[in-house]
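Residue numbers (the working numbering), protein chains in the order written: chain A, 579 to 931; chain B, 194 to 1238.
No lab work stands behind these hints, which were simulated from the structure alone. By construction, the Cβ of each residue, glycine as well, lies at the ideal position given by its N, Cα and C atoms. It is possible that some hints are incorrect.
As the list claims (entries may be wrong) - Distance ranges between label pairs, derived from CB positions:
{"id": "1", "chain 1": "A", "residue 1": "D925", "chain 2": "B", "residue 2": "D311", "range": "28 to 36 Å"}
{"id": "2", "chain 1": "B", "residue 1": "R304", "chain 2": "A", "residue 2": "K789", "range": "37 to 45 Å"}
{"id": "3", "chain 1": "B", "residue 1": "R304", "chain 2": "A", "residue 2": "K860", "range": "25 to 33 Å"}
{"id": "4", "chain 1": "A", "residue 1": "K741", "chain 2": "B", "residue 2": "D311", "range": "55 to 63 Å"}
{"id": "5", "chain 1": "A", "residue 1": "R650", "chain 2": "B", "residue 2": "A595", "range": "54 to 62 Å"}
As the list claims (entries may be wrong) - Within a straight-line C-alpha distance of at most 20 Å, the following computed SDA-like cross-link-like pairs (lysine to any residue) qualify:
{"id": "6", "chain 1": "B", "residue 1": "K690", "chain 2": "B", "residue 2": "R824"}
{"id": "7", "chain 1": "A", "residue 1": "K809", "chain 2": "A", "residue 2": "K860"}
{"id": "8", "chain 1": "A", "residue 1": "K644", "chain 2": "B", "residue 2": "G482"}
{"id": "9", "chain 1": "B", "residue 1": "K1110", "chain 2": "B", "residue 2": "K1089"}
{"id": "10", "chain 1": "A", "residue 1": "K644", "chain 2": "B", "residue 2": "T481"}
{"id": "11", "chain 1": "A", "residue 1": "K580", "chain 2": "B", "residue 2": "D663"}
{"id": "12", "chain 1": "B", "residue 1": "K328", "chain 2": "B", "residue 2": "N340"}
{"id": "13", "chain 1": "A", "residue 1": "K863", "chain 2": "B", "residue 2": "K321"}
{"id": "14", "chain 1": "A", "residue 1": "K701", "chain 2": "B", "residue 2": "R449"}
{"id": "15", "chain 1": "A", "residue 1": "K860", "chain 2": "B", "residue 2": "K1110"}
{"id": "16", "chain 1": "A", "residue 1": "K753", "chain 2": "A", "residue 2": "K860"}
{"id": "17", "chain 1": "B", "residue 1": "K622", "chain 2": "B", "residue 2": "R632"}
{"id": "18", "chain 1": "A", "residue 1": "K863", "chain 2": "B", "residue 2": "L1136"}
{"id": "19", "chain 1": "A", "residue 1": "K701", "chain 2": "B", "residue 2": "E724"}
{"id": "20", "chain 1": "A", "residue 1": "K644", "chain 2": "B", "residue 2": "R449"}
{"id": "21", "chain 1": "A", "residue 1": "K860", "chain 2": "B", "residue 2": "R415"}
{"id": "22", "chain 1": "A", "residue 1": "K753", "chain 2": "A", "residue 2": "M930"}
{"id": "23", "chain 1": "B", "residue 1": "K766", "chain 2": "B", "residue 2": "L726"}
{"id": "24", "chain 1": "B", "residue 1": "K321", "chain 2": "B", "residue 2": "P332"}
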Amino acid sequence: MKAVLALKDGTVIHGTGFGAIAENVGELVFNTSMTGYEEALTDPSYAGQILLMTYPLIGNYGINGKDRESNRIHPPGFVVRELSRDYEHRQANASLDAFLKQSSVPGMQGIDTRFLVRHIREKGVMPAIIATSEKDIDVKRLVERMNRFDYSSVDFVKEVTVKKAQVLNKGGKKKVVLIDYGAKAGIARELVARGCEVHILPASASAGDVKALEPHGVVLSNGPGDPAILKYAHETIRGLEGYRPMFGVCLGNQLIAHAFGGDTFKLKFGHRGANHAVLDVKANKTSITTQNHGFAVGKVPKGFEVSHINVNDRSVEGLRSGNKAVFSVQYHPEATPGPHDSRYLFDEFMKMM
Amino acid sequence: MEKPKKVLVIGSGPIVIGQSAEFDYSGTQACRALREEGVKVVLVNSNPATIQTDRDTADYVYIEPLTAGVLERIIEREKPDGIIATMGGQTGLNLSMELARKGILKKHSVRFLGTGADAIEAAESREKFNRLMEKIHVPILPGKVVNDAESAAKFANANGYPVIIRPSFTLGGTGGGTAYDETGLRKIMELALRLSATGEALVEKSVIGWGEFEYEVIRDSRGNAQVICNMENVDPMGIHTGESIVVAPSQTLSDRDHQVLRDASLRIVHAIGIEGGCNVQLAMNQDTGDYVVIEVNPRLSRSSALASKATGYPIARVATKIALGHSLPEIRNAITGTSAAFEPALDYCVVKIPRWPFDKFPKTSRVIGTQMKSTGEVMAIGRTFQEALSKALRSLEIKLPANLNPDEHLYPATDLRVFALLESFRRGKTVDELHQKTRINRWFLSRMHGMIGMERRLQKEKMSRPLMLDAKRSGFPDAQIAALTGVDELAIRSLRKSMGVVPTYKIVDSCAGEFAALTPYYYSVYEQENEALPLQGKKVAVIGSGPIRIGQGIEFDYCCSQAAFALRELGYKSIMINNNPETVSTDFDSSDRLYFEPLTFEDVMNIIDNESPDGVVVQLGGQTSIALADRLASAGAKVLGTSIDGIDIAEDRERFRELANRLKIPQPQNGTASSEAQALEVASRIGYPVVVRPSWVIAGRAMEIVRSDDDLRRYIHEAVDVSQKRPVLIDRYVDNAIECEVDAVSDGTNIFIGGLMEHIEPAGVHSGDANIVLPSIRLTDAEKKTIVDYTHRISEALGVVGLVNIQFVAKEGVIYILEANPRASRTVPFVSKAIGIQLTKIAMAAMLGGKLPKLKPKTGHFAVKSVVFPFLKLMGTDIKLGPEMRSTGETMGIGKTFEMAYYKALLAAGIRLEEGKAHSAFLSVRDEDKKDVPKLAALLKTLGFAIYGTLGTVGSIPGAITIPKIGKGHPDAVELIESGTITLVVNTPTRGGAANTDGFRMRRASIEMGIPCITNISTAHELLKAMGELRKKELDIRRVDEYAN
């Protein structure tokens, strides 16, 4: 199978296709995790992003259907150096190739992925189009299609949030509302593991919808896209000010900034991986974290302090309100994939409720 | 914490199996990390062939024996306020613990920096460790610490065989093993208890066949911890990780599996209280997901060296900063300039393969298991597993047996298992069949199967650019493609280049390209972007020496590293090419640019094509690099130093003989033979005894002294495979002569003789195994003058530029030349340390056209080089010495007198006869040595030894106790040795190689009892003389620079 990847700046790469025969646009991003491709592919935060794995051998342990963060693949394309067609793991029940095929997502392999990583590092993330075909691919037509794509103008949250409210672990000792902007399953899993009854609400839920459930606390999930355009979310969060303890994860962190008068900016190529250290400013301790974000908090909202920072680029990794009732982190304490070092944040949230 | 002012760093001593060059690397990094913060470093190591013992590396260098007594004296002299226990391997760790236990550290107010004594104790004592693991709910293997065989058997009967036995506090699993039944168990227990530092051993249920994983963890004093690298053993549990093919990162773990093992590793280092680096070994049953922790090493290790080189993360450096009280986020990652607080991300695959010494020990079993037998290792990097594996295999520089029967190597595994797997696939075996047989994960087997698929394609398909590219991306070297397609290597090389299939070089940057790298290193792949744009300015490439092996050890890495340092001083940029992950030469900041690549013609020439260096240094990397000289030069590389023709004259016996004749330098009579008949004819012409050897060898491989036609026939049939292309060399063996050698540097006009050394053993013992003294003690002035004169004549005639080593024998006033090698010898570091002049540095300047400066070697002292052997690790090996080199490492002793230097060198090599203890010697010597026995006995008596011996040896010695031949009465020699009565054995072996002689059994018994066994009468004599001189005197302990006048 043939495959083409065309980038906004004119770079065109030919490789070998796998997975589905399709063509999709998206912002090209890279992830440096060496394991966890099933979790990454099912992470809704990758909606609208063609995902490139920097680790060159992908597919080695197959797909098991358990390590999923949602019920489908979200990135519109998947790029690796070498797809492992043989796989070996006690839990595996399908190959990565079959998983992509079944989900109608195109894959591409056999190319110099490190070149692309360095290219993005230098030039920043940019729109791209991936196409797979048994026949020759018309690059010109692809480029035209890509040129119409603008990542920051699309509300991807709408595409990935639950259509209607759901309840998990009914009868749990604490009632938590999880507003789903594209939540990874891991967030609800951590809450349920701590005995919470979790009400998952669509992203469009209003403050009134939340209060109607009389929860002990509110969790704002991760999700895709530019946080600045999600005005409806900012409004809901503002409406919950001073209501109950609130915990934001990733996009949740950025939305809190916007809701309370801060802002966000787009990082040149984001943080995506499972190896960045984050410093807990007060405890003066580091955790190795799972990260997946293309935007970071710029202006810190009034009444908030920076609780965590990235040790490499000093970017904001966590916010905390003066009265401590609202806190959020830019990374993924639920892990999956990645280190479990930050799960303690869920324990802190439990203590606050 | 207050920063210390002066820190003691203990090295790991001579290279032995299980403890190799990695501790020069970690110790050197530690020294640099300390000194850049203004902390003074006191460095102690008995191994001169180390960068850490250079004055450039440490402030106060002691080349002294590594014993607690010596270290206490050094502490008294230097008054350090801190000690780092974790940089010198098990040796450094055990010594530090001994100093702590004896209260010496407390007495002198020396505190542990980094991981402390309690943490070390918690990790190293099996009982404490097991209790701790239970407390933190990390599963361990059912096991029991025992101090007798009875309890071990009871445990095994209750838990079922097989069981693994590990003695506590030993190195590389020495004395351990897997017992499948009670007989085996009792046998292993006996040795294990004897070798355990604490008299205890651990018996554990075996998990043979489980996946084996290692996590390299680093933790600071604030409790920040992170995993630097996880590694997966391709060979599952049952084979020591040092003996396994290892891949980084893990390939078969899902993220869920990985996080389980990562969590466990972090819990462990927190519980132990590590402040620095730690290696955690885990096993996972990949059918169920169950796991156990096998053990931890609370120090820098061979695995941490591998992890550092595999990721680009300098573990030793960061561990040292942690020991000084810094936290991980404060420390800078020297590769990227970002913080050291992160977990490296790899965007390539690393494969390590051990290098074994079985070519040197044909009589020992090639089976590998829980005890280390390998001497070194190679590492290769690729973007696919096949590519990395293929590059690692060719980095080994080994020749496969002509008819490899794969079934003999699969299970139990031998060193050749990976080749046997490939051959099995070639013969049609399936992945499942081989998985059943070896338990190797099917994923790895599938990749190997794929490599055979590529072989088939190359044999069948017409060559095309896509096929060539596929083959190169699978790691296939030109030579193999050539062999499979029936053309020669150079034809493939030019075809490949004409197709535009040339390597690109990628960076090892610790972060998968996320950040720009400041001090990266490179590996080749066949992809789109070449990141190694040629270095700007004047530059020279240094070809390294590859894996540590017997005959080509750390000495050559020392020389290559020195050359890189010298190039900087000379205003050149240095480009290092090597594949050994343990060494200083492959440290990220030793050279301006490092290529982690195999050392074959193709791989090296590709780099030269990429860089176009102003010169290539081939004379420092031992046989590995010099063997490439001719082909590199033909391909257009500018080889620095001695000309290709000069090298050829030195190596071609016929041309060298002509040269010696022309220069009127006597040579032992010699000849070349390519058949048995010819060999007999040559031998009869020159007369027995003769030395025979194959024509092209490293360190005397398969070399033997032969004394009759029958012996010669046997040698021709058994030992070598003689042919027209591979003749044998036959030299007259000069009996009872003094062997000596010279290390010199020439700039093409002037020659500087660094040292004229004399062997303590008579000619015939390989120079690498001999005890060597500098300056000479027995040669007459006239003899010395002749040697100097010959050195000048030979160097001039060969056109030597750079280093040269020339070997001579002196007999009755006549000096014979044995050989000249226009390259670095293994004594270069020893001589450099002895005279206080770094020979490699001046050689490097000479190679670049510089004139030799006026040099003034330090004098007024003696230096002795002694050696250590791997006999304990290699069961069934006879320990006698001959013209074939068998030692793994060396020690150096320095003194104002020869005796002091000699005694300290032997003490450092492990020959220990404590004072104040009753000593008994057992003597049994061959007929030609019997005349020397009375003198030896007299010396022993003065020293208070009781003398035992065989009737033939001590029958005429008054007061000696005569012991019956083995099996002819009780107690016999072996029984006496095993009972612990004997503390010194002097046994000089008779000729022949039989493994069942009395002498052989005596020598093995003494090795296994850990008592000195001396197999050469001269060595014994000089040792006892030295002991006599030094009796009641204190050891002379000084800094290296304090010995000279």
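Exercise. Of the hints given before, which are not true for this structure?
Worked result: Violated hints: 2, 7, 9, 12, 13, 14, 15, 16 and 18; rest satisfied.
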